[in-house]
Amino acid sequence: MEKKTSTINNQILIIDGYHLLHKGYYGSLKRSKLPRNREGILINAVYTFVANINDFINSNKYRTIIVTFDVGKGCWRKELYPEYKAKRKDTPLDLIPQMQLVREFLTFINIPWYEKENFEGDDVMGTIAKLSNHLGYDVHILSNDKDTFQLINDKTSVIVKGNKNEDDEEICEQTVIEKLGCLPIQIPDLKSLMGDASDNIKGVRGMHYSTAIELLKKYQNIETVFQNIKNMDERNKERLLSNKEQILLNKKIATIQKNLKLGRIDFRPLKINYKRYAYFLKRERMWAFVSLIEKKIDDKLKIEEE
1 MEKKTSTINN
11 QILIIDGYHL
21 LHKGYYGSLK
31 RSKLPRNREG
41 ILINAVYTFV
51 ANINDFINSN
61 KYRTIIVTFD
71 VGKGCWRKEL
81 YPEYKAKRKD
91 TPLDLIPQMQ
101 LVREFLTFIN
111 IPWYEKENFE
121 GDDVMGTIAK
131 LSNHLGYDVH
141 ILSNDKDTFQ
151 LINDKTSVIV
161 KGNKNEDDEE
171 ICEQTVIEKL
181 GCLPIQIPDL
191 KSLMGDASDN
201 IKGVRGMHYS
211 TAIELLKKYQ
221 NIETVFQNIK
231 NMDERNKERL
241 LSNKEQILLN
251 KKIATIQKNL
261 KLGRIDFRPL
271 KINYKRYAYF
281 LKRERMWAFV
291 SLIEKKIDDK
301 LKIEEE
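Positions 1 to 306 (this note's numbering) are the ones given, in order, by the sequence shown.
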C-alpha cells in the first residue's frame with residue numbers, strides 16, 4: 001500500500017531522541033579531535049543532534065517536530081521481566097550530560113519534547129503518534145529501532161536514518177510485509193514467538209521463523225493461536241503450551257503503549273526562536289552553526305521590516 005501524499009500542514013515528525021543521540025555519539029568517536037563546550041564537557045552527540053534538527057527544520061516538510069526521550073534505566077517492562085535489556089551496556093558517562101544539554105537546546109528553540117517516568121521513549125512516541133493520527137495528522141517517526149515498525153499504518157511511517165553516505169529509508173506497511181513477512185500490528189506477536197536478542201527476550205526454543213509467520217497468517221495474533229491450539233500438530237502444540245506464560249509475557253513486553261497520560265501535546269506549527277538558538281550555540285561553542293543561524297535572524301528581521 002502506497003503512503004498517500006501529504007501537505008506540510010498535516011505532517012508531524014516524531015524523533016526518537018535517545019536513538020539520535022546515541023547515533024551521533026558513537027558515529028563520531030573515531031574523530032581525532034572531539035568538540036567540547038566551555039566547561040570541557042564532550043558535546044559530540046549534541047553537535048550531531050543539532051545538525052540533524054537543523055536539517056529537519058530547513059527541510060520545511062513538517063508542521064511541527066516533536067522529540068521523545070527515555071527516563072533513566074527503570075521501566076515497567078523491567079519490573080515484569082528483570083532480564084529485559086540486561087545485556088545492554090550502560091550509558092557512557094560522557095554522554096549523560098549531553099542528554100540534558102539537548103533537552104535544554106530543544107526548550108530554547110521551541111521544539112516540544114516529552115518523556116514519562118517508568119516508561120520508555122517508544123511508549124511516549126506510540127501515544128503521540130496515535131493521538132496525531134486521531135487528529136488527522138500524518139506521522140513520520142525517526143528511529144532505527146525496529147520495535148517502532150509496529151506503529152506503522154496508512155498514516156504513519158518510520159524513517160530509518162542511513163549511515164554515512166547512505167540515504168534514509170522510509171518504511172511503510174508494504175515494506176514491513178516484504179522485510180518481515182507480517183503486518184506491522186503483528187510484530188509483537190512475532191516477537192512473542194521468536195524473541196528478540198537485542199532486548200534479551202527469549203523466544204520459543206525450536207520455533208522456526210517460517211512456522212511463526214504461518215501461524216500469524218492463519219490466526220492473526222497469538223491469542224487466537226492459543227484459542228485454536230487443538231488444531232496444531234503435536235510438536236507445535238507442545239512447544240506453544242509449555243511456553244505459554246513466557247509467550248504472553250513476551251508479547252506484553254514487546255507491545256508499545258499508546259495510551260499514556262502525557263498532558264497537553266503541543267501540535268502548534270513550528271516556530272523556531274532563532275535568537276535563543278544562536279545563544280545556545282555560542283554558549284556551547286558550536287561555532288560552525290552560529291553564522292547560519294544568525295543569517296536566519298537577519299533574514300527574519302528583513303521580512304518583518306518589509
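Do not take every clue at face value.
Said to hold, decoys possible - Here are the simulated DSS-like cross-link-like pairs (lysine-lysine), alpha carbons at most 25 angstroms apart as the crow flies:
no.: 1; residue 1: Lys202; residue 2: Lys130
no.: 2; residue 1: Lys73; residue 2: Lys275
no.: 3; residue 1: Lys85; residue 2: Lys202
no.: 4; residue 1: Lys85; residue 2: Lys146
no.: 5; residue 1: Lys116; residue 2: Lys130
no.: 6; residue 1: Lys146; residue 2: Lys218
no.: 7; residue 1: Lys85; residue 2: Lys230
no.: 8; residue 1: Lys73; residue 2: Lys146
no.: 9; residue 1: Lys261; residue 2: Lys33
no.: 10; residue 1: Lys217; residue 2: Lys244
no.: 11; residue 1: Lys275; residue 2: Lys296
no.: 12; residue 1: Lys89; residue 2: Lys130
no.: 13; residue 1: Lys218; residue 2: Lys261
no.: 14; residue 1: Lys261; residue 2: Lys282
no.: 15; residue 1: Lys30; residue 2: Lys116
no.: 16; residue 1: Lys78; residue 2: Lys61
no.: 17; residue 1: Lys296; residue 2: Lys146
no.: 18; residue 1: Lys87; residue 2: Lys252
no.: 19; residue 1: Lys251; residue 2: Lys271
no.: 20; residue 1: Lys261; residue 2: Lys217
no.: 21; residue 1: Lys230; residue 2: Lys217
no.: 22; residue 1: Lys61; residue 2: Lys73
no.: 23; residue 1: Lys116; residue 2: Lys33
no.: 24; residue 1: Lys271; residue 2: Lys252
no.: 25; residue 1: Lys202; residue 2: Lys261
no.: 26; residue 1: Lys164; residue 2: Lys146
no.: 27; residue 1: Lys217; residue 2: Lys61
no.: 28; residue 1: Lys217; residue 2: Lys179
no.: 29; residue 1: Lys252; residue 2: Lys237
no.: 30; residue 1: Lys89; residue 2: Lys61
no.: 31; residue 1: Lys258; residue 2: Lys237
no.: 32; residue 1: Lys130; residue 2: Lys87
no.: 33; residue 1: Lys73; residue 2: Lys89
no.: 34; residue 1: Lys89; residue 2: Lys218
no.: 35; residue 1: Lys218; residue 2: Lys202
no.: 36; residue 1: Lys85; residue 2: Lys252
no.: 37; residue 1: Lys252; residue 2: Lys89
no.: 38; residue 1: Lys251; residue 2: Lys89
no.: 39; residue 1: Lys282; residue 2: Lys295
no.: 40; residue 1: Lys164; residue 2: Lys202
Keep in mind that the hints were calculated from the coordinates and are not lab data.
Hint check:
The straight-line distance between the Cα atoms of lysine 202 and lysine 130 is roughly 29 angstroms, outside the 25 angstroms bound, and the hint therefore fails. Simply put, lysine 73 and lysine 275 have alpha-carbon atoms about 35 angstroms apart, too far for the 25 angstroms limit, and the pair is violated. For the given pair, lysine 85 sits about 11 angstroms from lysine 202 by alpha-carbon distance, which is consistent with the 25 angstroms threshold. Restraint check: the Cα-Cα separation between lysine 85 and lysine 146 comes to about 15 angstroms, which is no more than 25 angstroms; the hinted pair holds.
Between lysine 116 and lysine 130, the direct Cα distance comes to roughly 16 angstroms. Compliance with the 25 angstroms bound is thereby established for this hinted pair. With a C-alpha separation of about 24 angstroms, the suggested pairing of lysine 146 with lysine 218 holds against the 25 angstroms cut-off. The hinted pair formed by lysine 85 and lysine 230 fails the criterion: a straight-line CA distance of about 34 angstroms is larger than 25 angstroms. This hinted pair checks out: lysine 73 and lysine 146 have alpha carbons roughly 20 angstroms apart, not beyond 25 angstroms.
Between lysine 261 and lysine 33 the CA atoms are separated by roughly 43 angstroms; this puts the pair beyond 25 angstroms, and the hint is violated. Taken as a hint, the lysine 217 and lysine 244 pair is honoured in the structure, with Cα atoms around 19 angstroms apart against an allowance of 25 angstroms. Distance hint between lysine 275 and lysine 296 is fulfilled; the C-alpha atoms sit about 9 angstroms from each other, no more than 25 angstroms. Between lysine 89 and lysine 130 the alpha-carbon distance is near 31 angstroms, which puts this suggested pair outside the 25 angstroms criterion.
Taking the CA atoms of lysine 218 and lysine 261, the gap is about 35 angstroms. The hint is violated against a cut of 25 angstroms. Taking the CA atoms of lysine 261 and lysine 282, the gap is about 36 angstroms. The hint is violated against a cut of 25 angstroms. Using a Cα cut-off of 25 angstroms, the hinted pair lysine 30 and lysine 116 is violated, with the two alpha carbons roughly 33 angstroms apart. For the proposed pair lysine 78 and lysine 61, the alpha carbon gap of about 37 angstroms is over 25 angstroms, so the pair is violated.
Simply put, lysine 296 and lysine 146 have alpha-carbon atoms about 36 angstroms apart, too far for the 25 angstroms limit, and the pair is violated. Only pairs whose Cα atoms come within 25 angstroms are accepted, and lysine 87 paired with lysine 252 is accepted, the gap being roughly 20 angstroms. Taken as a hint, the lysine 251 and lysine 271 pair is broken in the structure, with Cα atoms around 40 angstroms apart against an allowance of 25 angstroms. A threshold of 25 angstroms between alpha carbons decides the hint, and for lysine 261 with lysine 217 the separation of about 34 angstroms lies outside it, so the pair is violated.
Taking the CA atoms of lysine 230 and lysine 217, the gap is near 17 angstroms; set against the 25 angstroms cutoff, the hint holds. Distance restraint check for lysine 61 and lysine 73: the Cα-Cα separation of roughly 34 angstroms exceeds the 25 angstroms cut-off, and the hinted pair is therefore not satisfied. At roughly 35 angstroms between alpha-carbon atoms, lysine 116 and lysine 33 are farther apart than 25 angstroms, so this suggested pair is violated. For the suggested pair lysine 271 and lysine 252, the alpha carbons sit about 38 angstroms apart, so the restraint of at most 25 angstroms is broken.
In summary, the hint linking lysine 202 to lysine 261 is not supported, as the alpha carbons are separated by about 30 angstroms, beyond the 25 angstroms threshold. For the suggested pair lysine 164 and lysine 146, the alpha carbons sit about 19 angstroms apart, so the restraint of at most 25 angstroms is met. Between lysine 217 and lysine 61 the CA atoms are separated by roughly 36 angstroms; this puts the pair beyond 25 angstroms, and the hint is violated. With a CA separation close to 15 angstroms, the supplied pair lysine 217 and lysine 179 stays within the 25 angstroms bound.
The hinted pair formed by lysine 252 and lysine 237 meets the criterion: a straight-line CA distance of about 21 angstroms does not exceed 25 angstroms. Between lysine 89 and lysine 61 the alpha-carbon distance is near 36 angstroms, which puts this suggested pair outside the 25 angstroms criterion. Annotation: proposed proximity of lysine 258 to lysine 237 is violated, straight-line Cα distance about 32 angstroms (limit 25 angstroms). Taking the CA atoms of lysine 130 and lysine 87, the gap is near 31 angstroms; set against the 25 angstroms cutoff, the hint is violated.
This hinted pair checks out: lysine 73 and lysine 89 have alpha carbons roughly 11 angstroms apart, not beyond 25 angstroms. With a C-alpha separation of about 38 angstroms, the suggested pair lysine 89 and lysine 218 falls outside the 25 angstroms cut-off, and the hint is violated. Between the alpha carbons of lysine 218 and lysine 202 the distance comes to roughly 23 angstroms, so the proposed pair stays at or under 25 angstroms and holds. Pair hint lysine 85 plus lysine 252 holds up; C-alpha atoms about 15 angstroms apart against a cutoff of 25 angstroms.
Proposed proximity of lysine 252 and lysine 89 is supported: the alpha carbons are some 24 angstroms apart, at most 25 angstroms. Proposed proximity of lysine 251 and lysine 89 is supported: the alpha carbons are some 24 angstroms apart, at most 25 angstroms. Between the alpha carbons of lysine 282 and lysine 295 the distance comes to roughly 14 angstroms, so the proposed pair stays at or under 25 angstroms and holds. About 33 angstroms separates the Cα atoms of lysine 164 and lysine 202, which puts this hinted pair outside 25 angstroms; it is violated.
Violated hints, listed in ascending order, are 1, 2, 7, 9, 12, 13, 14, 15, 16, 17, 19, 20, 22, 23, 24, 25, 27, 30, 31, 32, 34, 40; each of the other numbered hints is respected by the structure.
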